[in-house]
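Throw the hints in and build the complete structure from the sequences for me.
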Amino acid sequence: MALPDDPIPFPAVFGESATAGRSIDRRVVIETHGLVKRFGEREALKGVSFAAHRGELLAVIGPNGAGKTTLLSILAGIRRQDSGSVSRDPGEIGWIPQQAAVYRRLTVEENLRLVARREKVPDRDAAVEEMLEQTGLGDRRDDQVGTLSGGNQQRINIAIGLLARPLVLLLDEPSAGLDPRQRERLWEFVLGLAGGGTTVIFSTHNIAEAERYGQRLLVLADGEALFDGSSSELHAAAPESGARDFEQAFVAFLRDRGH
Amino acid sequence: MRWLFIKDLQILRRSPLVTTLLVVYPAVIAVLIGFALSRGPETPRVAFLNEVPQGQPLVLAGTEFDIAGARSELCARIQCIPVSSEEEARDMVRSGDALAALILPPDLIERLESLGSLSPSQPTVRVLVNEEDPVKARLVDDRISSLVTEANFRISKQVTRISANYLSLLLEGGQFNLLGQTFNVLGLKNTQRILEALRPELPAGSPFADALDRVIQFSRLARQNLNLASPVLGAIAHPIEVQKEDISGSPPSLDSFAIGVAVTVTLMFVTVLLVAGSLALEREENVFPRLTRGLVRRTALLVEKVALGVALSLVVTLLMLAGLSLFVDIDWGRFPAFGVAIVAGGAAFAAFGAAIGAAAREVRASSLLAFMISLPIAFVSLVGSGTVSPTLFDVIKVIRALFPFDPALDAISRGLDAAGPGLGVPILHLAILTVAYGVLARLALRRFAF
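Sequence order for the protein chains is A and B.
Residue numbers 1 to 259, in this note's numbering, belong to the letters of the first sequence in order.
Residue numbers 260 to 709, in this note's numbering, belong to the letters of the second sequence in order.
Just so you know, the hints here were simulated from the structure itself, not pulled from any lab data.
Note that the coordinates shown come from a computational prediction; the quantities given were computed from them, not determined experimentally.
The C-beta atom is built at its ideal place from N, Cα and C for all residues, glycine as well.
One or more of the hints may lead you astray.
Stated by the list, open to error - On the chain B side, residues computed to face chain A include the following (Cβ under 10 Å):
{"no.": "1", "residue": "263"}
{"no.": "2", "residue": "276"}
{"no.": "3", "residue": "280"}
{"no.": "4", "residue": "336"}
{"no.": "5", "residue": "338"}
{"no.": "6", "residue": "547"}
Unchecked claim - Simulated DEER-style distance windows between Cβ atoms:
{"no.": "7", "chain 1": "B", "residue 1": "261", "chain 2": "A", "residue 2": "236", "range": "55 to 61 Å"}
{"no.": "8", "chain 1": "B", "residue 1": "261", "chain 2": "A", "residue 2": "27", "range": "36 to 42 Å"}
{"no.": "9", "chain 1": "A", "residue 1": "89", "chain 2": "B", "residue 2": "265", "range": "26 to 32 Å"}
{"no.": "10", "chain 1": "B", "residue 1": "268", "chain 2": "A", "residue 2": "120", "range": "47 to 53 Å"}
{"no.": "11", "chain 1": "B", "residue 1": "268", "chain 2": "A", "residue 2": "184", "range": "51 to 57 Å"}
{"no.": "12", "chain 1": "A", "residue 1": "141", "chain 2": "B", "residue 2": "634", "range": "54 to 60 Å"}
{"no.": "13", "chain 1": "A", "residue 1": "92", "chain 2": "B", "residue 2": "677", "range": "41 to 47 Å"}
Now the structure itself:
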């Protein structure tokens, strides 16, 4: 399958929000086939396959130990799968770990410049300025990252993941540890990215968040992909789904499948 | 690679307190250890009461002893505090102002001179000690015993010379003064000669011939045997002669060794702590996975950390040597030699630090681990052979061989000392350790991201 090679522009305005139910570009930008990962005797991923499309928001959900972080770390190139394949090279994928991966003793700008050099971004100055503008941290460019709030550190974390203008962005529990206002701003930012054509794959424990922001849900349990579809389809797939909210429906779905 | 290096320097610049402590603390410790090694134990303070009348000469066997010189020598080895009475000496010792008191009695010279007479009388000196501090008490005991032994040796040489003179008089004959009167002593040699001259004059069959032959025989035997007494007396005066031979090659001078210890301790702490902390910081800041999943290979990251450690530790140790050169002589013409030694030592310590940083994975844990491992190894490396049991020393030798401190100290001491042996062996040792710890660090990095 041909994948678009042209760089996808960043959203013009930070905070631009994607509307629910917006249409999805059907071009697949990343897909996996039969990913298997073992840790000793334990099989953390049991042949997981999925595909994600351009500008799509894909939520990876599941109980603890389901294999969400393992899946994302394989896509990011942090771990190697034992078998199976990923269609895109990790170097083309932006990765934003759960905890901000930034040098707290360096300034906001120094962190961005460092990554821009590492990623060999062609026009470093322009890319850094663009990210400072988009994160709204231009006026704090000379502040050491350690002095910023958790929310602002997470913005830098995301900006670093976006510097190389990846087609696919991986977010591991992006809103963990953020207060409601910071979460809201984060999701506005992420929706803006998706609106600009970036495919966003995020893992979360927050089922309501997955329902709200995930256009598609990939449900993992014990390393198996149990479900791949929209939240309404998941709700419908759960037994006695009509009488429950989405979180209850999700739990019922897992229980129904023996988890 | 260069941007990683610059990034680490920026982080160090942003942590001035930690960086200063990282440099200053090991340097202070190192200088203290170095000087403690190069300087002997503290000179004990000893109250000195000299009751011998001023200006009284000491003459033995016609030779006058240099009493002033002997006193200067004594007071160079202990700190002499002149006192005027025994009571004052006792008070000083009792109060702790002096660790001991040395009292030379008024009749010391007469008694010493009597050793060369026919009625010798043994001289004595008195020592008052305060043994509150057992370590210092032993030091004073050792010092005074050593001084008295040395004095006894010098005097016994003189007494032996006098005894040899008496023997010579007995053998050869001559004049002898006693109580102001001069006596002529015939001597065994002359006795034998006179008797042998008389022997042919006796008539044949004389009843005295046999008796005279026996006297001649006795005087010959006595002369021959007493001839041997002189070297025997000499041997008694100096029974053991020491012939020192160093079979370990020419060691570095004490100053070079002390400077080497100071430099090596600094090098070890600065490099190990810096590299271990810097590597652990990549993990602690969660940056390591992001850093190494792209363009930076883990091995390249390790190489950068080792290079950082070597570069900074070289700067710190050279600054330290420059500071030390204000107090001790450092031959800067030897820079190529000790510079190579510092770089090689720095590389081995850096690789060691990288292994610690990769294993500990947190800055605090890595710092603690670095201290807990490095400090005992430094002390173990300074344990001398013969001070512990052979089995324990074998264990110590293995530990020394496995860690970079001992070969680094060896290389740096050799590098500083122009008269010292070559650098080849310790540099090779350090190169092997650098590779070994580099491999260990690389293996530990495999689980570093999670």
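Which of the listed hints are not met by the structure? Hints 2, 3, 4, 5, 10, 11, 12 and 13 contradicted; others consistent.
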